[in-house]
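From just these sequences and the hints, can you work out the full model?
Residue strings, one per chain:
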Amino acid sequence: MPFKIEKHKTGRALVFHTFMVVLSLLMVYPFVWSVLSSFKPIEELYSGNPLNLIPQTFTTENYRRLFEILPFGRFTLNSLYLSIAIPIAMILVASLTSYALTRLRFRGRNVLFLAFVATMMIPSHVVLIPNYKTIVDLNLYNTFTALFLTSMFTASNAFNIFFFRQFFLTIPKDLENAAIIDGCPHIQVFFRIILPNSKPAIATTAILSFRSVWNQFLWPMIVINDYDKMTLTVGLKYLKDWEPNWAVLLAGAAISIIPIIIVFLVFQKQFMSSTMNSGFGGK
Amino acid sequence: MSLQAQEERLGWLYVSPALIGFMVFTFGSILRSLGYSFTEWDLLTAPRWIGLRNFAKIFQDGYFYQYMSNTFYFVILLVPTVLVASLMLAILINTRTKGITKAYRAALFLPSITSTVAISMVWLWIFNPSMGVLNNLLLAIGFDKVPQWLDSTVWSKPALLIMRIWQMSGYYMLMFLAGLQTIPETLYEASEVDGATRRQQFFRITIPMLSNIFFVVAILLVIEAFNMFESIFIMTGGGPLGSTSTIMYYIYEKGFSYYEMGYSSALAWIFFILILIVTLIQYRFRHEQAGE
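Same order as they appear, the protein sequences are chains A and B.
The letter at position 248 of the first sequence is residue 242 when you use my numbering, and the numbering goes up by one with no holes.
The letter at position 121 of the second sequence is residue 117 when you use my numbering, and the numbering goes up by one with no holes.
Derived from the structure by calculation, the hints contain no laboratory data.
Since the structure is predicted, the reported quantities are computational estimates derived from the model, not experimental observations.
Glycine included, each C-beta is placed from N, C-alpha and C at the ideal position.
A portion of the hints provided could be inaccurate.
[Unchecked claim] Computed spacing ranges between beta-carbons, pair by pair: (1) B:G47 with A:V260: 53 to 59 Å; (2) A:D220 with B:A42: 49 to 55 Å; (3) B:Y61 with A:R99: 49 to 55 Å; (4) B:A42 with A:N171: 52 to 58 Å; (5) B:T275 with A:N46: 45 to 51 Å; (6) B:F139 with A:V22: 22 to 28 Å.
Following this line, the structure appears as structure tokens:
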């Protein structure tokens, strides 16, 4: 009875889609709600029906107030700059290290690799106090350099080293061998042959690193205290400490959420596939 | 110079930036942290050696036990819930490939890419007992008593759990999805010919074929659950009455609110060893399974 099977199938599909639509709405709702609520006047937020999504009176007053008390424009630019520049620095270090660890034969390279990978096990709070002391001693307190250095040389970049190594092992050696026989130096082999052939690995590590830098909170909060250099996450913390008006706080949250959603919508495919790839690092 | 010696030199040259950097900011810091844990140090005056006294104090510290049990509460409830939810979602979504499921996938993934600090501010308001969306929704659908969520010592932990499950499930769903897509379709076709039911297919094909990814997700999830920090910092500050404070939060508080750097370092080391033991148990478990 093919007809019956067909009917059974549409029934299941209906259940599936209803479930998924409800679930998707639950996932998206807090975002939509915070963005829309940030345009509500404070009275409406406090006394109106919270289940009303759309502002009854539309106002940009919250945003005016937000930019008046803290330089949120500056915070956004800082966050965007760091989330792009730091991953580039991380990837340069990680890929060069992995190139040496996979392509150059030298004593101790396996021990080195294990030492790097083992650092992924260490909770970030263990190195917090010593690194804070180091940064102060090096006169790097309140500089972007402090943020660069710890991202480049702690566990999250150890993951990138690990990931690049797994990837480099899958690149056939024929190409580079020909270049090396022709007398091409290793550094050029790395930049001209290996890196251009590693785009998928670069994309994955870039996106994962972008995410982790964008989310970074405790470390920048501890080492940065100049408004000009603060990131969005840290700025939000100060906003929460000082501003009692919830509509303004929501405007702050919305400002930090909107750029990342735009980035996500543009690079959706890459975001998804890099998350999917990252799991296989552990294979 | 021989070619081999040249390669040897070049190898060390290329790893040197990472090696020097890690020496300073990771390997060196780990050892220094251990050193600090034997001292009393307020950051302003020089550290004073006090031997094992910090550790002795920790084991008599009532907060330590309270926060440790909070930490385990989160790990024990968060890990299995997210594991099952993300696996189920991945399986559900994997069976359909049409355009609309891509939209579901994106929606489920979205919470995991936004910063925890920003989204915690939003949830803080959602959980507001009188003006928040959640309680008003509960009242609207007929509940007459609603939880005080983050204001109550009973509901603060479940509230944080809800928020974290909401935020993390989509991310791990995607990892499982990657695993599911590597299972060859022919396995299912062959088993269907042999008369296998859906249930049998699930337990005999899907689960065993996913064991690698399952292991990776479990390890990552356990570490992430132990490391819960930003959401607590923004939403509760460890309260009310320490009901949501975790060891991670305590390490931060002791170090950067009370400037007890030695005590904080000792806490961090105890915590580190604990995570190490849990992860080693997971590896052990995995090896035993693989050995069968």
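Quiz item: For this structure, which hints from the list above don't hold up?
Solution: Hint 2 contradicted; others consistent.
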